[in-house]
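Sequence order for the protein chains is A and B.
Residue 266 in our numbering sits at position 266 of the first sequence, and the numbers go up by one each step.
Residue 359 in our numbering sits at position 359 of the second sequence, and the numbers go up by one each step.
These are calculated hints, taken from the structure and not from any lab test.
In this text the structure is predicted, and so the values were computed from the model without any measurement.
Ideal Cβ positions, reconstructed from N, Cα and C, are used throughout, including at glycine.
Hints may contain errors.
According to the in silico footprint, chain A covers these stretches of chain B (three or more CB under 8 Å from chain A) [what the hints assert, rightly or not]:
#1 175 to 185
#2 308 to 316
#3 341 to 348
#4 436 to 445
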Amino acid sequence: MYKKHSFTEAFIRNLFVWIFIAFAIFPFIWIFSASINPSNTLLGQSLIPKNFTWDRYIEFFTNEQHPFGLWILNSIKVSGITAIFTVILAALGAYAFSRFRFKGRRTGLLSLLLVQMFPQMLAMVAIYLLLLNIGKYISWLGLNQHISLIMVYLGGAMGFNMWLMKGYFDTISYSLEESAMIDGATHFQSFLRIILPLARPILAVIFILQFIGTYSDFILASILLSSKENYTLAVGLRLFITGQYTTRWGMFATASIIGALPIMMIFLLLQNQLVSGLTRGGVKE
Amino acid sequence: MTMKNLLFSISLKILILGILDALAIWSIITIIFDGYYWVGGILSLGVIIINYIFLSEKAYPFRYMVPGLIFLIIMVIYPIFYTIFVSFTNYGTGHILSKEQVIEQFENQYYLSEDNATYTYQVFKNNYGDLKVILYSLNGESYLCENEKKIIKVNLSDSRFIDIDKDGIIDQFDGYKKLDKIQIIQSLNELQNLRFKKDEYFIKLVSLTEFKVYSKKYQFDSLEDRLLDLKNGIIYYPIEGYFVSEQGERLAPGFRVSIGFKNFIRLIKSPQISNPFLRVFGWTFLWAFLSVITTFALGLTLAIVLNDPYLKFRKIYRTLLILPYSIPAFISCLIWRGFFNTEVGIVNRILNNFFQVIIPWLQDPIWAKVALVIVNLWLGFPYMMIITLGALQSIPSELGEAASIDGASGWQQFKKITFPLLLVSLAPLLIGSFAFNFNNFNVIYLVTQGRPAIPGAGTPAGSTDILISYTYRLAFEGVRGNQWGLASAVSLIIFIIVAIISAVGFRYTRALEEISKNV
Numbered sequence: 001m002y003k004k005h006s007f008t009e010a011f012i013r014n015l016f017v018w019i020f021i022a023f024a025i026f027p028f029i030w031i032f033s034a035s036i037n038p039s040n041t042l043l044g045q046s047l048i049p050k051n052f053t054w055d056r057y058i059e060f061f062t063n064e065q066h067p068f069g070l071w072i073l074n075s076i077k078v079s080g081i082t083a084i085f086t087v088i089l090a091a092l093g094a095y096a097f098s099r100f101r102f103k104g105r106r107t108g109l110l111s112l113l114l115v116q117m118f119p120q121m122l123a124m125v126a127i128y129l130l131l132l133n134i135g136k137y138i139s140w141l142g143l144n145q146h147i148s149l150i151m152v153y154l155g156g157a158m159g160f161n162m163w164l165m166k167g168y169f170d171t172i173s174y175s176l177e178e179s180a181m182i183d184g185a186t187h188f189q190s191f192l193r194i195i196l197p198l199a200r201p202i203l204a205v206i207f208i209l210q211f212i213g214t215y216s217d218f219i220l221a222s223i224l225l226s227s228k229e230n231y232t233l234a235v236g237l238r239l240f241i242t243g244q245y246t247t248r249w250g251m252f253a254t255a256s257i258i259g260a261l262p263i264m265m266i267f268l269l270l271q272n273q274l275v276s277g278l279t280r281g282g283v284k285e
Numbered sequence: 001m002t003m004k005n006l007l008f009s010i011s012l013k014i015l016i017l018g019i020l021d022a023l024a025i026w027s028i029i030t031i032i033f034d035g036y037y038w039v040g041g042i043l044s045l046g047v048i049i050i051n052y053i054f055l056s057e058k059a060y061p062f063r064y065m066v067p068g069l070i071f072l073i074i075m076v077i078y079p080i081f082y083t084i085f086v087s088f089t090n091y092g093t094g095h096i097l098s099k100e101q102v103i104e105q106f107e108n109q110y111y112l113s114e115d116n117a118t119y120t121y122q123v124f125k126n127n128y129g130d131l132k133v134i135l136y137s138l139n140g141e142s143y144l145c146e147n148e149k150k151i152i153k154v155n156l157s158d159s160r161f162i163d164i165d166k167d168g169i170i171d172q173f174d175g176y177k178k179l180d181k182i183q184i185i186q187s188l189n190e191l192q193n194l195r196f197k198k199d200e201y202f203i204k205l206v207s208l209t210e211f212k213v214y215s216k217k218y219q220f221d222s223l224e225d226r227l228l229d230l231k232n233g234i235i236y237y238p239i240e241g242y243f244v245s246e247q248g249e250r251l252a253p254g255f256r257v258s259i260g261f262k263n264f265i266r267l268i269k270s271p272q273i274s275n276p277f278l279r280v281f282g283w284t285f286l287w288a289f290l291s292v293i294t295t296f297a298l299g300l301t302l303a304i305v306l307n308d309p310y311l312k313f314r315k316i317y318r319t320l321l322i323l324p325y326s327i328p329a330f331i332s333c334l335i336w337r338g339f340f341n342t343e344v345g346i347v348n349r350i351l352n353n354f355f356q357v358i359i360p361w362l363q364d365p366i367w368a369k370v371a372l373v374i375v376n377l378w379l380g381f382p383y384m385m386i387i388t389l390g391a392l393q394s395i396p397s398e399l400g401e402a403a404s405i406d407g408a409s410g411w412q413q414f415k416k417i418t419f420p421l422l423l424v425s426l427a428p429l430l431i432g433s434f435a436f437n438f439n440n441f442n443v444i445y446l447v448t449q450g451r452p453a454i455p456g457a458g459t460p461a462g463s464t465d466i467l468i469s470y471t472y473r474l475a476f477e478g479v480r481g482n483q484w485g486l487a488s489a490v491s492l493i494i495f496i497i498v499a500i501i502s503a504v505g506f507r508y509t510r511a512l513e514e515i516s517k518n519v
């Protein structure tokens, strides 16, 4: 249905695309301009500042009242640990579902599928009350602890990722494992030495998607975390800027840029893989 | 595996399992002693199952699943059931404690009455600093008292009480010596903390010269299930989480109790709650629908243009267009909120420069909704563009070629061939996107926070709130405290809607077929 275009036609098409490119990237330019503008306020900002300053980037690391760097480190720590354990635990579970035939397997798979349909945040009240009560007995597993936040994320990640990983394991042929087991390998050894290396692509995809997803979560972190030194970036940045847009705009812009960088870099580097993963994942052929 | 290795791995397994069991049993005992029999029972069952899985060869496959499933069960499945449970209770601010705890609180309340017996006193102290007090009642009886202990009637003519200067006042006994006025004032703090027990009452210092009897205020009658006010003779009955008198007077605090379908009935029938709730309910559907339509329309258009092999710089265009998708949504939402600032935000500055209009983006209910749809369009169109590009590639080009030989125009080809085929392959993703936006908390909460508020709403509800943000505000941001019961009821309603949407979505996916195929 595509033909070679005349010059005007091509021009109109390009113009059309550029209008939406402008829509897509304008916020990036405007935020960057805000971050180097000497005036910290919304009002004082212009697209191309008359003079510029890197002061805000220095302040980012030195602001003691709002430790942005610490918040980003917290986010990276929580997301990283969550992503690693998601990969390990989901791979173990998926291996069992993929390679063993046992009573309850079908029910188990069906329940996984059902459970992963419901966003975990729907049960936020129950999760909050659960951790509130656990905290009365074991304070390091209660509210306002990174470890409990990680455990909450891990629970939420299991359904979907175990399911996804099981689908991938199913495509790996049995023959290698069979010959390994004839040579006396145990199930666990063949999981460790054969399946995991062959499944490296899906392990990487799940690690990255889980990292991005956890890094971007706001709601669960905001319910559980209550002290400044424990905030993740999502919670800290929101509290920093709410009600203060007119006076803290420049600093907010700087923190946004630095906070978005880790995710943006991962995304742009792995663009092709993630894009093809998104397309393949859902499309029914 | 050699015999030695096997032996080693088995003993290691038993050692680790043993340590974990010891910890588990210890915590279960603690929990049961605290009266949480249910939790203790379920935990014990869990421990038994885990032991079985790791010791029995039959349960071998489950060993791989246990670590992941523990988190899934504790952090997802249990909370789902607990949400259902809480939605039928009045749990929340004012109803935090259980009935037993509240009764205990009431039974520990005492009051001071003018008619109650008054005592004069003398204080004695021994070398270790322990205090004892002798109280004298008005009718001449004397009592020996110690903190938190029952008072004992004594006869002062007993030989252990020694009156050295023969002035009729005891000066020392059993190694305790009398304190004079100045010493009493010095240890006043200590004296004020003394409580002497007498039957149902206790005796406490009320002024520098007297001790007085404090009477118990409430007594719970467990046979009749009612609370008696011993002071005024009022009887309170437990009604829906409060002790209420026949005149309708309520005692605070209330306790948590099952209230049946009351939360759901309030959402539908109580006008102060149901009006805002129904508006939130309606807007949630409209919002999800508008989100899918707008992002899909733009994503589809751009995908078709970018799919054109004759367009130059397609790769660069694609990368630039998916940039919004590459940053965490919470950051974009917070940024857009600044853009929509009515006085000095960039959107209004541009509108003012070119069209001389100022739009109250975040103050007006309609414009706030428009702002949200624009933000979501920016966030969501790259995803739609990516999936459409993928689906376009899977449509065989021969179809289009055949149609153009038959004389179909480009538009006809799109309408009759490309678009229907696209819809077939994208339907599950569009339904998924609907479900996602139905619960798109980040955009709503971080851009408008659900505001502007609905006037006259009895609960924190705004005109841009969707069900999930409404739940959050009920549970954690209410003016009248946390309404966990009501919030859980709203959650449960969302659960049901999500289940229905997913059931529809299932008809378009092969997930179910996959399960049956594999067994």
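Against the structure, the hints:
For the region 175 to 185 of chain B, the stated coverage by chain A is not satisfied: 0 residues place a CB nearer than 8 Å to a CB of that chain, which falls below the threshold of 3. As drawn, the region 308 to 316 of chain B meets chain A at 5 residues by the rule of a beta-carbon pair under 8 Å; at three or more, the given contact holds. Counting residues of the region 341 to 348 of chain B whose C-beta lies closer than 8 Å to any C-beta of chain A gives 5; at least three are required, and the coverage claim holds. Three residues within the 8 Å Cβ limit are the bar, and the region 436 to 445 of chain B against chain A gives 4, so the coverage statement holds.
Going through the hint list in order, the structure does not satisfy hint 1, though it satisfies all others.
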